[in-house]
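**Q** In case you want the letters, here they are:
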Amino acid sequence: MSVTNGNGHHNGKQQRFAEGSHGDSLEPSTGVQAFHALHAEDPSKIFFTEADKQKIAEFVSRYPAKESAVMRALWYAQEKFGWLSIEAMNLVADTIPMPRADVQGVASFYTMYWKKPMGKTHLAICTNISCMLCGGYDLYNYIKKTYHIGNGDVTPDGLLSLEEAECLGSCGTAPAMQVNNYEYVENLTLDKLKAFLKERGLER
Amino acid sequence: MTDYKPMILKGYLSPKGHLRDIADYEAHGGYQTLKKAFAMKPDDIVSEVKKSGLKGRGGAGFPTGLKWSFLAKPEGKPRYLLINGDESEPGTFKDRQIFEQNPHQLIEGAIISSYACGINACYLYIRGEYAKWIEMVEKAVDEAYAKGYLGENILGSGFNLKLVVHKGAGAYICGEETGLISSIEGKRAYPRLKPPFPAVVGAWGCPTIINNVETITNIPIIIDIGAEAYAKIGAPDHPGPMLFGISGHVNKPGVYEAPSGTLILDLIYKYAGGVRGGKKIKAIIPGGASMPIIRAEAAEGIGMNAESLKKAGTLIGTAGIIVMDEDTDIVEAIGRLAHFYHHESCGQCTPCREGTGWVENIYGKFLRNEAEKRDIDLLLSICSQVEGRTICALADGAMWPVRHSITRFREEYEKHCKAPDSLPHEWKYVNKAASGV
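The listed protein sequences derive, respectively, from chains U and L.
When you line the first sequence up against the working numbering, it's residues 1 to 204, in that order.
When you line the second sequence up against the working numbering, it's residues 1 to 437, in that order.
Simulated from the structure, these hints should not be mistaken for lab results.
Note that the structure is predicted; figures quoted are calculated from it, not measured.
All C-beta atoms, glycine included, are put in the ideal place defined by N, C-alpha and C.
Any given hint could be a false lead.
Stated by the list, open to error - Taking lysine to any residue and the SDA-like style, the derived pairs with C-alpha atoms no more than 20 Å apart in a straight line are: (1) 167/L - 179/U; (2) 187/L - 36/U; (3) 167/L - 180/U; (4) 187/L - 114/U; (5) 55/U - 117/U; (6) 162/L - 229/L; (7) 167/L - 156/U; (8) 53/U - 100/U; (9) 187/L - 61/U; (10) 139/L - 164/L; (11) 73/L - 64/U; (12) 187/L - 198/U; (13) 139/L - 62/U; (14) 66/U - 78/L; (15) 66/U - 41/U; (16) 415/L - 374/L; (17) 147/L - 158/L; (18) 139/L - 183/U; (19) 53/U - 167/L; (20) 5/L - 229/L; (21) 80/U - 41/U; (22) 41/L - 69/L; (23) 167/L - 52/U; (24) 66/U - 100/U.
To be verified - Example chain U residues on the side facing chain L (calculated, C-beta under 7 Å, incomplete): (25) 65; (26) 111; (27) 167; (28) 168; (29) 172; (30) 182; (31) 186.
Could you put the whole structure together from the sequences, leaning on the hints where they help?
**A** So this is what it looks like as structure tokens:
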């Protein structure tokens, strides 16, 4: 990945905000990290067509104030472009229209907006209390150790990324994970996780 | 257990296992209550809800009818109903069942509530993780529009209502009512100081009612069977049908609907099939992760209603029961929650932003067996410096599990301490000199 952020740091160094991401045991946190928006690989590809603009206008029409449409619009941009580069955020801001800084503020606040390219298969494995009691960390640590990635990291081939999810609301079917911000895979076991990875050609 | 007929999760009784399709819901008597409601005066509905004794199901347990009666009605300003489906409290997964099983009852409840409060725009905030369930609810909303239950002049009553589903993007703090307002306004979900309360100055600066999904789903039941009959369901101080999410070390985890006041141990042993491997229970969190943890002995004879849980030294919260068996390491479990609260603190108030991080780091010390006994008291001291010193209740919710697990399971913490309690080498001389030895 040749993406660099505004300060010229390599993309691989970019972590999500909660830098102190803990796997097996709670390590001392380094606190909240500053947010650096990343540039798109090819900024010329980040644009909205007339149809897209109409869609955004439809989101705006749902609310009494145009700024309220920002969350749906960011979702829309993320689905279209894969992740939210600084160009994508600015595009959303200019389309609504609202201040660019406000859009970046919103995009950086919520964890489900991806501020860097994630893997083709993104696994958000829940390790919160109910899932933890049912073995969530076994799954999380399995991915961590087998694929050598931490919380918020992507494998070098860009196929798999991992996230330590906070309660997915799947406590009755724990442990659970969410794939690519959509499908839930519930009542997980290590075997079920391995079978899932095999199905996607990701076994190691 | 057997003679109780579900009123919220009715879908399980139908052949498809859900009532997502409007035709199925109508066949089960759906949208009939709406006609009854339109025949009533809006104020009568509010007093009916007041009389029913319905308390909010989102955690705070505030009486719904009373909340509605606080709604300011200034001339020329619109009013809004926000339905809170952000459901991010660990151990809580009940609203998801409503979206999946019976979304039309939620919509019907939203229409009746809006009619009662004179509201013409309703926003249903659902967390971003529930992308699949958002699609289910949006489909149900579209069906309701097509059938004329939403939109202009509903059922010829002259009442108009617009209902919009808003998709969140993963932030626990959006479940806090003023955080939800900030979020839906298109800002970072920072909670706001109260007063002014949302009923006076809420979303977009207008008077706003915020209710939980389950609360709104209860409204059609009240109008249907009447406030008096509703008040007789379950415990008198906290009446009505309730969704209990039972998770953790139980054989059959899941959401169970039962009258309020059902005994915790009945829910665990009769509904959820008892503890895995026939083990004993060590600890129970009865109302979602933020609520005070209790020892198994304290749950004896305690029902799931506010009064009864108060006796056990805890609160009902969202009625998400987390069961931990005898082999659970309480320090590890609460340490995980400390990590969660640090991650989810919005960063607005210093005591919470810093305090949750300190607490998490100290738990790291315990889990690496580097802690000393004085670290237990350090945790308690941080708790008292954070609680009640922030804009919203997240900080309280973050500190309660710590405080109550220490007061109720101190021996667990001591097990993690390195013995004996030691001071750095040079300090020993200082102490000696000070004590005159």
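**Q** When the structure is checked against the list of hints, which entries are broken? Sort them ascending.
**A** Of the numbered hints, 5, 6, 7, 12, 15 and 31 do not hold.
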